[in-house]
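*Asks:* The lines below spell out each chain.
2 protein chains.
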Amino acid sequence: MRVIFNEELKAVADDLDHMAQDVRRAINASGEALLNADLDAAQNVIDGDIKIDALEANIINQCVSLLAKQNPVATDLRVVVSSMRLASTFERMGDLARHIAEAARRTYPLSPVPDEAKDLFAQMRDFLDKTADRTVSMLADRDADVAEQIILDDDILDNLHHQTFSMVLDDSWTGTKQQLIDVVLIGRFMERLGDHAVSAARRVTFIVSGFDPSKAPKRDEGTDID
Amino acid sequence: MRVIFNEELKAVADDLDHMAQDVRRAINASGEALLNADLDAAQNVIDGDIKIDALEANIINQCVSLLAKQNPVATDLRVVVSSMRLASTFERMGDLARHIAEAARRTYPLSPVPDEAKDLFAQMRDFLDKTADRTVSMLADRDADVAEQIILDDDILDNLHHQTFSMVLDDSWTGTKQQLIDVVLIGRFMERLGDHAVSAARRVTFIVSGFDPSKAPKRDEGTDID
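Here the protein sequences line up with chains A and B, keeping their order. Mind the numbering: the first sequence is residues 1 to 226 in UniProt numbering, read in order. Mind the numbering: the second sequence is residues 1 to 226 in UniProt numbering, read in order.
Simulated from the structure, these hints should not be mistaken for laboratory data. Don't take each hint at face value.
Lysine-lysine pairs mimicking DSS-like chemistry, simulated, CA-CA at most 25 angstroms apart [unchecked claim]:
1) B:130 - A:69
2) B:177 - B:51
3) B:177 - A:177
4) B:130 - B:69
5) A:10 - A:51
6) A:130 - A:118
7) B:69 - A:10
8) A:69 - A:10
9) B:118 - A:177
10) B:130 - B:118
11) B:51 - B:118
12) A:118 - A:51
13) A:177 - A:118
14) A:118 - B:177
15) A:69 - B:10
16) B:10 - B:51
Examples of chain B residues lying across from chain A (beta carbon under 10 angstroms, computed) [claimed, not checked]:
17) 64
18) 134
19) 168
In this text, all values refer to a predicted model and were calculated from it rather than measured experimentally. All C-beta atoms in this analysis are idealised placements derived from N, C-alpha and C, irrespective of residue type, glycine included.
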């Protein structure tokens, strides 16, 4: 039984690794689509989201099957439940990357954000690319230190996100109303991508250390539009 | 064992009912805060969110304990796993209601949305109040017909949400940039509340009928900003 359990749990872990890699690809490509008018990149994110959705369904089915057949307890049970929740988090990250890609496709060959906003969005893009790399390696190595870095650094993204509001509210802003809408919504999608990475990092911390992330202060605490 | 399982599952179901009621209260009060400059209502939503978060953690702990001790299979297992996911959906709905309340508190005694936007937001508020009622009764009665109504009616909210964009883009719009930001973000929060209600309805359908909601077309498919 134990051998089968470990094999099946390994299959779940492999699928989670694939999901994290697919989400990284979606984040990278949505950034390209947003800032470099890359229509192919946008379309790849949009088309690829169905694969991410399918991986989530697959992981949850495998976990339910594991729960039914193997009755895991203690750490094993914690890993199975956390794996289901991680899969849902990654699925949502895929959706958010897709929303960014859809905005880029809609305004192609222009960017949805005006030139005056590009430097700020490039900083957010770079941050998310790094976070996506960290998410992949955190998961592959079950590395709680990397998870901790994701959690600690999220303030940087929140700060960049706040700057999007100061930028559009400033008298020097010359963008259209449509561009203002896109800056606000795409900024929100990017900030949420960071929140979900934090959520994933908390779950990995929980798997590795047994420290319960629900006892820690939560992200996404009322800083969205203040 | 069976008696204990049913008792413990009943406790989870009761907590889920409480969560749905708390979320309804948060949705109702956030609508009051948004449209009627009700500062007490806003503060109640903000302060009450911690209780919703605690209920989620409690439900997940109970479910993990059930999985460990009772090894449910088949329908019972489906109910336990779906309960955990429902709890997470409700927790997120509480966050979104809190974001709306925070916006209302920030601009008090003014509304974050200008008078010209109030009729549209009142329609969205009314829709969400009805959806919150339906969510509570769907859950209390395990009623797949009510769940179906929630799923079918979500197009109405999506349509209202699209109108927020046409409204601010129209030449007749006289609001400030801050009001435009708030219309866009609060509109997004309200649309997401509807999406999460749909997600909850799919899970209840799954519990009641065994129909797998992941095989059905998904909401939140690229209509956010197009």
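*Asks:* For each hint, tell me whether it holds in the structure or not.
*Replies:* So, going through the hints one by one against the coordinates:
| no. | hint | verdict |
| --- | --- | --- |
| 1 | B:130 - A:69 | 41 angstroms, violated |
| 2 | B:177 - B:51 | 34 angstroms, violated |
| 3 | B:177 - A:177 | 9 angstroms, holds |
| 4 | B:130 - B:69 | 39 angstroms, violated |
| 5 | A:10 - A:51 | 20 angstroms, holds |
| 6 | A:130 - A:118 | 18 angstroms, holds |
| 7 | B:69 - A:10 | 24 angstroms, holds |
| 8 | A:69 - A:10 | 16 angstroms, holds |
| 9 | B:118 - A:177 | 19 angstroms, holds |
| 10 | B:130 - B:118 | 18 angstroms, holds |
| 11 | B:51 - B:118 | 30 angstroms, violated |
| 12 | A:118 - A:51 | 30 angstroms, violated |
| 13 | A:177 - A:118 | 16 angstroms, holds |
| 14 | A:118 - B:177 | 19 angstroms, holds |
| 15 | A:69 - B:10 | 24 angstroms, holds |
| 16 | B:10 - B:51 | 20 angstroms, holds |
| 17 | 64 | 6 angstroms, holds |
| 18 | 134 | 23 angstroms, violated |
| 19 | 168 | 6 angstroms, holds |
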